[in-house]
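These protein sequence lines map, in sequence, to chains C and W.
Counting with numbering that gives the first Met the number 0, you get residues 0 to 66 for the letters of the first sequence.
Counting with numbering that gives the first Met the number 0, you get residues 0 to 401 for the letters of the second sequence.
Heads up, a few of these hints could be off.
As the list claims (entries may be wrong) - Below are the DSSO-like pairs computed for lysine-lysine, each with C-alpha atoms no more than 27 Å apart in a straight line: (1) C:Lys-43 / W:Lys-267; (2) W:Lys-121 / W:Lys-133; (3) C:Lys-15 / W:Lys-289; (4) C:Lys-15 / W:Lys-162; (5) W:Lys-134 / W:Lys-123.
Claimed, not checked - Part of the chain W face toward chain C, derived, beta carbon under 8 Å: (6) Lys-162; (7) Ile-170; (8) Met-282.
Derived by calculation from the structure, the hints in this document are not laboratory data.
Owing to the predicted nature of the structure, the values given are computational and were not obtained by experimental measurement.
Here a beta-carbon is modelled for each residue, glycine too, at the ideal position from N, C-alpha and C.
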Amino acid sequence: MPAEDPKKKDFETVYKEIESAVRDIEEGKLSLSESMALYEETMKKIQSSKKMLRKMESRIEEISNPS
Amino acid sequence: MNDLNELTTKENNRALSVSEFNALINGLVSAAPVLVEGEVSNYRDIPGRNFCYFDIKDKNSVAKCFQGFWQSSKVDLENGALIKVFGYPTLQRNGSLVIDVREIFIVGEGELMRKYLEMKEKLKKEGLFDEQYKKELPQFPQNVGLIAGKNSSAYHDVTAEIKERWQGADIIFHPSKVQGIYAKSEIMRAIQYFNKKKPVDALIIARGGGSLEDLQAFDSEEIVREIFASRIPIVSAIGHEDHWTLSDLVADVRAKTPTKAAQLAVPKKQDISERLDYYMRQMGMITKHKIDDVQNELGYFAHASKMKQQSKINEIKANIDKILEAGRRSVCSVIEGSFNEMDIFERSLKLIHPQNVLERGFAIVEKKQKRVTSIKDIDCNDLVITTLQDGYFEGTINRKFK
Numbered sequence: 000m001p002a003e004d005p006k007k008k009d010f011e012t013v014y015k016e017i018e019s020a021v022r023d024i025e026e027g028k029l030s031l032s033e034s035m036a037l038y039e040e041t042m043k044k045i046q047s048s049k050k051m052l053r054k055m056e057s058r059i060e061e062i063s064n065p066s
Numbered sequence: 000m001n002d003l004n005e006l007t008t009k010e011n012n013r014a015l016s017v018s019e020f021n022a023l024i025n026g027l028v029s030a031a032p033v034l035v036e037g038e039v040s041n042y043r044d045i046p047g048r049n050f051c052y053f054d055i056k057d058k059n060s061v062a063k064c065f066q067g068f069w070q071s072s073k074v075d076l077e078n079g080a081l082i083k084v085f086g087y088p089t090l091q092r093n094g095s096l097v098i099d100v101r102e103i104f105i106v107g108e109g110e111l112m113r114k115y116l117e118m119k120e121k122l123k124k125e126g127l128f129d130e131q132y133k134k135e136l137p138q139f140p141q142n143v144g145l146i147a148g149k150n151s152s153a154y155h156d157v158t159a160e161i162k163e164r165w166q167g168a169d170i171i172f173h174p175s176k177v178q179g180i181y182a183k184s185e186i187m188r189a190i191q192y193f194n195k196k197k198p199v200d201a202l203i204i205a206r207g208g209g210s211l212e213d214l215q216a217f218d219s220e221e222i223v224r225e226i227f228a229s230r231i232p233i234v235s236a237i238g239h240e241d242h243w244t245l246s247d248l249v250a251d252v253r254a255k256t257p258t259k260a261a262q263l264a265v266p267k268k269q270d271i272s273e274r275l276d277y278y279m280r281q282m283g284m285i286t287k288h289k290i291d292d293v294q295n296e297l298g299y300f301a302h303a304s305k306m307k308q309q310s311k312i313n314e315i316k317a318n319i320d321k322i323l324e325a326g327r328r329s330v331c332s333v334i335e336g337s338f339n340e341m342d343i344f345e346r347s348l349k350l351i352h353p354q355n356v357l358e359r360g361f362a363i364v365e366k367k368q369k370r371v372t373s374i375k376d377i378d379c380n381d382l383v384i385t386t387l388q389d390g391y392f393e394g395t396i397n398r399k400f401k
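All chains should be modelled from the sequences, with the hints used to inform the complete structure.
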């Protein structure tokens with residue numbers, strides 16, 4: 000079942016987290032140590048998202064007996 | 000009872016009842032549906048009734064038609080309009096042979112356009128095309144449903160484009176007739192199928208243009224209402240700029256072509272990848288500025304401590320530089336581990352900030368705008384300024400001790 004693939008399921012969540020982290024860092028309200036910790040965490044997320052992108056594969060399923 | 004031969008030979012001693020006769024004939028004539036084209040005449044729609052009668056005719060002949068509105072939707076017909084009726088020949092109890100109408104297709108373009116505009120106006124008034132009801136498409140659908148003709152170019156265009164742009168979505172294809180007598184019911188069934196049994200993240204209905212007559216199913220009230228009721232956001236690529244079908248107007252997003260529909264339904268992998276690269280650079284740049292800012296802000300007060308930590312800060316900054324240069328390469332491991340120390344450093348800088356010291360009850364003594372740190376710098380009768388956490392006072396030295 001394609002919908003159950005946990006890696007794909009995660010992509011949107013991870014991407015949204017990255018977007019929000021970059022926003023937080025851009026806003027500049029974090030302390031230096033907070034923003035550096037967030038920077039490090041987000042870098043890891045970006046790396047894993049890029050890996051997910053490389054691994055993606057579309058399948059086509061045809062409904063042969065629709066009822 | 001179903002076989003005429005059987006009835007007339009084996010039971011020829013018994014006369015058939017009229018009902019039996021009618022049922023017998025019905026069994027024969029209604030076995031297969033017919034599609035008949037002709038001109039409407041004698042249209043009788045009795046107000047309040049759930050059915051209507053009319054005739055269709057050509058130069059020489061007339062066929063009677065009966066339409067029950069529980070079986071197919073009412074189409075306001077005018078005498079003289081050219082139509083095709085699809086239905087089952089049926090012998091009614093009163094002995095008339097009628098076509099029991101299941102579907103009406105309008106043939107003339109002019110008439111089709113009139114019906115289209117009428118229906119458009121009606122549905123618009125009801126608010127079915129209102130922006131407020133349009134559902135938003137997900138940014139990253141995991142699966143996309145596709146309703147299109149089997150082996151149609153619409154099918155090929157959509158699947159090829161999704162595979163090209165974004166490999167992260169599976170395509171669930173539900174083949175359907177997209178024109179002709181079965182189009183309407185098959186499309187409706189397909190939309191229902193996805194909503195009830197296969198709740199995909201987005202649904203594409205694609206056909207890729209056609210004449211007003213070809214697209215008739217997509218202008219039908221039933222399909223429009225089905226699309227409106229769909230819980231899954233729908234992208235349509237059915238009509239074209241010269242003629243958007245009512246299905247296009249009610250869809251959450253409409254596309255000019257099946258390829259465009261695919262582009263609207265899924266993101267482009269390259270765009271997302273570039274976006275991630277941008278975030279990587281952006282974060283690095285801002286974090287670097289932040290380090291500079293903290294250094295500038297606290298540096299003045301932290302000479303001693305700064306010397307010790309400067310190398311650490313420079314190291315981190317150099318690493319961020321590397322990230323910025325490397326762009327899309329993975330280098331985050333380089334800076335790993337530096338952050339705990341940074342945290343301690345920042346806290347120690349704050350601790351030695353003069354304000355913190357003053358708050359703890361200490362004072363700063365200055366003579367001629369220079370800080371006094373040794374008794375040797377002081378002589379009797381010197382004027383000194385003493386700063387506390389919330390103000391300062393002047394005084395003259397009376398005596399000094401060592």
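Comparing the hints with the structure gives:
Distance restraint check for Lys-43 (chain C) and Lys-267 (chain W): the Cα-Cα separation of roughly 22 Å lies within the 27 Å cut-off, and the hinted pair is therefore satisfied. About 18 Å separates the Cα atoms of Lys-121 (chain W) and Lys-133 (chain W), which keeps this hinted pair within 27 Å; it holds. Our distance criterion of 27 Å between C-alpha atoms is met by Lys-15 (chain C) and Lys-289 (chain W), whose separation comes to about 24 Å. Note on Lys-15 (chain C) and Lys-162 (chain W): the hinted pairing holds, with a Cα-Cα distance of about 23 Å set against a maximum of 27 Å.
This hinted pair checks out: Lys-134 (chain W) and Lys-123 (chain W) have alpha carbons roughly 17 Å apart, not beyond 27 Å. With its C-beta approaching chain C no nearer than about 5 Å, Lys-162 (chain W) sits inside the 8 Å limit, and its interface hint holds. Because the smallest distance between the Cβ of Ile-170 (chain W) and any Cβ of chain C comes to about 5 Å, under 8 Å, the interface hint for this residue holds. At about 5 Å, the closest approach between the beta carbon of Met-282 (chain W) and any beta carbon in chain C falls short of 8 Å, and the interface hint on this residue holds.
The earlier numbered hints are all upheld by this structure, with none contradicted.
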